[in-house]
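Residue numbers (the working numbering), protein chains in the order written: chain A, 1 to 421; chain B, 1 to 341.
Source of the hints: derived by calculation from the structure; they are not laboratory data. Since the structure is predicted, the reported quantities are computational estimates derived from the model, not experimental observations. Just so it is clear, CB atoms sit at the ideal spot from N, CA and C, and this is done for glycine as well. Treat each hint with caution, since some may be false.
A few chain A residues facing chain B, derived, Cβ under 10 Å [claimed, not checked]:
| # | residue |
| --- | --- |
| 1 | Glu138 |
| 2 | Asp143 |
| 3 | Thr368 |
A few chain B positions that, by computed beta-carbon distances, are all more than 10 Å from chain A [unchecked claim]:
| # | residue |
| --- | --- |
| 4 | Asp129 |
| 5 | Asp133 |
| 6 | Glu141 |
| 7 | Asp151 |
| 8 | Arg157 |
| 9 | His217 |
| 10 | Pro264 |
| 11 | Tyr276 |
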Amino acid sequence: MAQKQLTSTIAASEGQKAWFASLRERVFETRAPYAIGQADMPFELFQAMEVPMVSNQWWAAVVSAKRLAPYYLDKLNETGFHKGLCRYCSLSMASTVLGDTSQAPWGGLPKPSLLAARLTCDCVQRVFENWAAHFRAELILLDAPAATHLPPRWWEQSRHHWRELFEDHRLQFMVRQFERLIASLERISGRKFDPDRLRALMERVNRQEEYFEEAKLAICEAPKTPVRMQEQITNVMAAQWQRGSEWAVSQAKAFRDEVVSRAAQRIAACPNERLRIMWVGAGLWYDLDFYTAFEESHGAVFVWSMYLAFGPDGYIRYGLDDPLLALASRTVSMNEQLHNPPWANEWILEQARSHRIDAAFVLTPLGTRPSATGTRFVEIALEEVGIPVFSVHADMVDARLWDAEKMRRDASLFLDQVGRR
Amino acid sequence: MRKDRIAGITSNTVPWEILRAAGYTPLLLEDEAGPTPHADRWMEDVFDRRFRVIFDRLCAGAWNHLDAVVIPRTSEQEHKLYLYLREIARTQPASAIPELYFYNLLHTRTPESYDYGLERTRQMVRDFDASEDELRAAIVESNRARGRVRDILQKRREGRLEGSAALEWIRGFYSEDRGVFADRAPDQLKGMNEQVATHRPHILIKGAPLKDASLHHLVEEAGGYVVAEDDWRGSRAAGDTDVCLNKDPVTAIFEKYFYDEVSPRVHPVVHRDAWYQREIERGHLDGVLFYVPLEDDVLGWDYPAQLAYLASRSIPSVLVRENVREHDPPLAEFVGSLHRK
Numbered sequence: 001m002a003q004k005q006l007t008s009t010i011a012a013s014e015g016q017k018a019w020f021a022s023l024r025e026r027v028f029e030t031r032a033p034y035a036i037g038q039a040d041m042p043f044e045l046f047q048a049m050e051v052p053m054v055s056n057q058w059w060a061a062v063v064s065a066k067r068l069a070p071y072y073l074d075k076l077n078e079t080g081f082h083k084g085l086c087r088y089c090s091l092s093m094a095s096t097v098l099g100d101t102s103q104a105p106w107g108g109l110p111k112p113s114l115l116a117a118r119l120t121c122d123c124v125q126r127v128f129e130n131w132a133a134h135f136r137a138e139l140i141l142l143d144a145p146a147a148t149h150l151p152p153r154w155w156e157q158s159r160h161h162w163r164e165l166f167e168d169h170r171l172q173f174m175v176r177q178f179e180r181l182i183a184s185l186e187r188i189s190g191r192k193f194d195p196d197r198l199r200a201l202m203e204r205v206n207r208q209e210e211y212f213e214e215a216k217l218a219i220c221e222a223p224k225t226p227v228r229m230q231e232q233i234t235n236v237m238a239a240q241w242q243r244g245s246e247w248a249v250s251q252a253k254a255f256r257d258e259v260v261s262r263a264a265q266r267i268a269a270c271p272n273e274r275l276r277i278m279w280v281g282a283g284l285w286y287d288l289d290f291y292t293a294f295e296e297s298h299g300a301v302f303v304w305s306m307y308l309a310f311g312p313d314g315y316i317r318y319g320l321d322d323p324l325l326a327l328a329s330r331t332v333s334m335n336e337q338l339h340n341p342p343w344a345n346e347w348i349l350e351q352a353r354s355h356r357i358d359a360a361f362v363l364t365p366l367g368t369r370p371s372a373t374g375t376r377f378v379e380i381a382l383e384e385v386g387i388p389v390f391s392v393h394a395d396m397v398d399a400r401l402w403d404a405e406k407m408r409r410d411a412s413l414f415l416d417q418v419g420r421r
Numbered sequence: 001m002r003k004d005r006i007a008g009i010t011s012n013t014v015p016w017e018i019l020r021a022a023g024y025t026p027l028l029l030e031d032e033a034g035p036t037p038h039a040d041r042w043m044e045d046v047f048d049r050r051f052r053v054i055f056d057r058l059c060a061g062a063w064n065h066l067d068a069v070v071i072p073r074t075s076e077q078e079h080k081l082y083l084y085l086r087e088i089a090r091t092q093p094a095s096a097i098p099e100l101y102f103y104n105l106l107h108t109r110t111p112e113s114y115d116y117g118l119e120r121t122r123q124m125v126r127d128f129d130a131s132e133d134e135l136r137a138a139i140v141e142s143n144r145a146r147g148r149v150r151d152i153l154q155k156r157r158e159g160r161l162e163g164s165a166a167l168e169w170i171r172g173f174y175s176e177d178r179g180v181f182a183d184r185a186p187d188q189l190k191g192m193n194e195q196v197a198t199h200r201p202h203i204l205i206k207g208a209p210l211k212d213a214s215l216h217h218l219v220e221e222a223g224g225y226v227v228a229e230d231d232w233r234g235s236r237a238a239g240d241t242d243v244c245l246n247k248d249p250v251t252a253i254f255e256k257y258f259y260d261e262v263s264p265r266v267h268p269v270v271h272r273d274a275w276y277q278r279e280i281e282r283g284h285l286d287g288v289l290f291y292v293p294l295e296d297d298v299l300g301w302d303y304p305a306q307l308a309y310l311a312s313r314s315i316p317s318v319l320v321r322e323n324v325r326e327h328d329p330p331l332a333e334f335v336g337s338l339h340r341k
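Just chain B, same shape as in the assembly (with noise of 0.2 Å):
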């Protein structure tokens, strides 16, 4: 199988096995550092940091060494993205923007989006020409990654690792060759056996996605244990099942990415609050922070319910607007005030 081919991601909901088997590596990609002079020309505020990055690059051609971009529908920045990538694409002939593909992946779970998506997946398959036989490769390598994602997070949960180190760690599911980095991680989880979060406060994050492991270190530094996050980047990054392999592997694939990948789409909420609640319910946390900044448009219309929840398990809470230095202080008086179960 063909691997020199590189496939920009733009979130977990794009279909990593279907790449892989028509000879990409499939990449994630990230925000970066320095101005976004084509963005600020195209894009009004309301787009995160790292959507504006990803279309000031791709605009500028500095991210030359992708072969193709692909861009789910499962969040409505993405679509954006996609629209104003394919409008640059058309009115700016001196723009290099590579091959745009948009998979149509819906979250609201009906039979139609069900059929819907399905459909799409195929259409996907069949546009990227992926045969049957690379299919399956492509899941066994994918879910072997997927399994030391839970080793990863099975160290943490058993206190031996920093959750700002399990987070950094994982982003390597998306950033990484996915065989590599299954090879790796068995080596160096061998080494880590030692205690660090005894007597810590173990605490969750929720709410807006993560950027980067600031929240965490944040936390760590005024003595909290970080033990899990409702995010894609961390804690649910393999989800709670691999890609089947006794089935269609097309249905499979299309499967893990509709029931089982997080997005800001799901619904009803009873199966976007499923994570959440069952975390709540393992009777494992001391606390939650639920970051909802001010630029969020969409978990700000949860907190109050999922707020509710917790007072009603008696399980304190934080809420912090900002991932900055300034909200030290009422941080760390929070996790100060934890105690470990």
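Here chain A stands alone, though its shape is the one from the complex (with noise of 0.2 Å):
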């Protein structure tokens, strides 16, 4: 693993460690309500009303990376869930339902008082099924009605103009979903819902989004990048996972200044920078080595993600004066606008130009639908703008499923060709 080169990573980590472990003593020795829920349900809520929420891909992330996937996938398909089925989504319910639970990460996640999703698949729905099922915890499931308003260019509109660009009649269906998810919070907190409080939560996130923001045009300006995409990654997810939270906007602006510093500063991650990369796609949780292994020989450096360009884009909203409305519009098509055209190739073509982008390392989930698709149109995006794409074909969590040595083999061919351009 490369040595961690920001102060701010190294206080996300440890962040987001100590959350974890103030989370687990609270609930194992208060009995303090605590829920897992899908990466794009809508954390404000539970975090203006003190049920913390555990992401199901940040656990899922965990579990990977510390090298534990394999056990747990094994003890799925033991179970009968067979081999082909989504294991992005499902591994943290294997950790806490499956074999030794024991062996899960920082002593595993405890009983949660709420499951929650939105339906983005066919399949998230059936994985929270079991999950609450075993636990015998609530279960509250969002709907997804798809978006038929695709304008061109979202994150023009996204800001200010989210009202007419998420289409009236679906606002509305997810604040009388949230209406629902916030009587359930009120019933397991015991505490009242505060709109005022809400309001105030999504300025702050705002506030948080605009410090990513002023990091990624640094990142875009500076000659070379100032911070490597794993620490990048680090940062921005430690504190979206506690968005609005007086810690996480404190952590965006010690990252901001940092990154800002580095860049004015001419600090380059990677002195040696001559390809700028791309990873589009969720992160190899299990092989973030990966990310550094072509610097030293090609000065390949993955300079962009999506997690540190979503945050200004996917997540600010202005005109808070209905709370709930501004959140359902952050809600309704977040997975979408990741995973599927128009939304996607639009806007990591509009992030590979900004970047300035030499190559494109382009991930297709093997066992992730929601996340499998827009792949291609993503790909002959970028291809019919001269960017050059490297298919990476590999699960995000799956760990059995991945050649480390023959992906570098490949990856290196590919570099090799780009760097001769």
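Two chains, each in its own frame: build the complex with the hints.
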């Protein structure tokens, strides 16, 4: 693992660990409620109601990074769930209900009071039904009608014109679902929902994302990236899972300050940088070294992933007079913007241009349907403007399918060609 | 009522009656043989063959007999098919994709989804400019066809019609003019009085959507009798109820498609499994064949619980991963091990 270069990265990792330890302590010692939810759920509502929520995908990434995914996924298959099923969304469940759950990272997830998911794909409701049944926990699912208003360059409208962009009938429907979720959170937490409190939190989320935008612009403009992609992810996601909290805003600010300062001082994450690479898709959580494997040999530095860039474009909402409606607009298309045409291909192409990308690595997940689509549209859009693409067919958490040596060999050959251009 | 326009539909959850009332003949878009170069270029492997073919033929302009294509929200593959087609229509000016319409029907059984779906159905009626009288006429026509589907299924339950023949016949419910389908069926049914299922074990097929009757043929060749399949192309085509004629037609149509049509997005599980469990409890089955190929990303999550339910009723089962000949021996062995109750 490459050494961490930013002090904010160390703080982000430590902050996340401390948050999780405190969560476990409160759940075990005071039986405080907590929830497990999909990454595209409105974390803001849980935050506002003081019900901590663990992201299903974050926990899967932690389990995978600790090299425990093969053990739990094997257990899942032994139980009768076949090998072709989605692993990113089910690994956390497996780590809490199958085999030796005490092996799970940091002591494992305690029993939640609530499980919650937005129904992007057809399988996630089943994962969460199985999970909730095991824990006898409450289950809240948010259904997901599709967008039919699909104007170009969504990110130019999402901050100020979100009411028009996301279609009123979809927003109103999501707000009604939020009301059901809020009723459940009120029951679980014993607290009353306060819209003003949510509005204040949403304002802090905007501030947090504005910091991320400034960091992103510094990366775009610096001759060589001042921060590696992996460190961007650690900083951004630690804050996003607790977005709007004082800690998250101050963490985002510390990250911004450090990136901007490094850029001003012309400090490069990799002084040898010759090729700027973008990674399209979720991370390869079991092999993060992959992202630094080509720095020395090719001067190839991963400078972009969706995690930092999506913060400002996907989250900022101005005009918070109706905070629930604004939050609905953040929720109704979150997954789709990252993984489906027309949103993903247009946006990623724009990101490639602004980050001066020389080549793209595009992940087509093998075992995760919601994020396995739209990748061809992305690849073709990039290739059409002359950005070479290396297609990676792999799972984000299932290391059983990953041949690290072969992938490095193939990627090296690809980068050889890019370097000769 | 004009019937000279054709609307392609991608599954059972597109309200046939609204399209018919608007002067369309709805036609289920099916798989067909041949290469799919457009799908190979734009679509990932996660899409089923039928959706790849639909995408491909629409992009290629090969289905220019279609005046419109209507796609519902009741599966994620259809949602993405719609987005892909919209994007091709936007970015590839030479493409001749017919007019696309998306029907945002949700299948979570919540009050919010009910209200939302009803409002979307009203919007569809407005968009297609269907009058109340035309809707009522279409409901009568469609209900008549549903009645004939139930007659076919009854013949099969009586042991007088092979499952493969029933499945192929019911296909007409989606691919033919429903009035013609309903008119023709009684005469064809009349002649079917011979018992074909005597002493043959009765088998239910459960699992991923069936592409055709080939799995039925395999069971039949092994001596089994497919008495039902948990599939909208077969036993569940007509559903439990007709579209109600004693209420506002839009509400009646919506409720039929909300409560009584099959989709992978039905939630909670008690509703999703209700038909299957009812069939088991009827006590007429000798075995269950689970069809869960590894490409499946949905039914596999339900399989262990459904298997456990079956085991609690002491009904034997077999799991088939692929619908191919190599699986003949274990399938034949399973069918051979069953005895008619």
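Verification of the hints:
1. Glu138: With a minimum Cβ separation of about 12 Å from chain B (threshold 10 Å), the hint on A:Glu138 is violated.
2. Asp143: 4 Å, holds
3. Thr368: OK, holds: A:Thr368 within 10 Å of chain B, min 9 Å.
4. Asp129: Non-interface label stands for B:Asp129: nearest chain A Cβ at 18 Å, farther than 10 Å.
5. Asp133: 27 Å, holds
6. Glu141: For B:Glu141, whose nearest Cβ neighbour in chain A is about 29 Å away, the distance exceeds 10 Å, so it holds.
7. Asp151: 32 Å, holds
8. Arg157: 30 Å, holds
9. His217: 24 Å, holds
10. Pro264: It is violated; B:Pro264 is separated from chain A by about 4 Å at its closest Cβ, not greater than 10 Å.
11. Tyr276: 15 Å, holds
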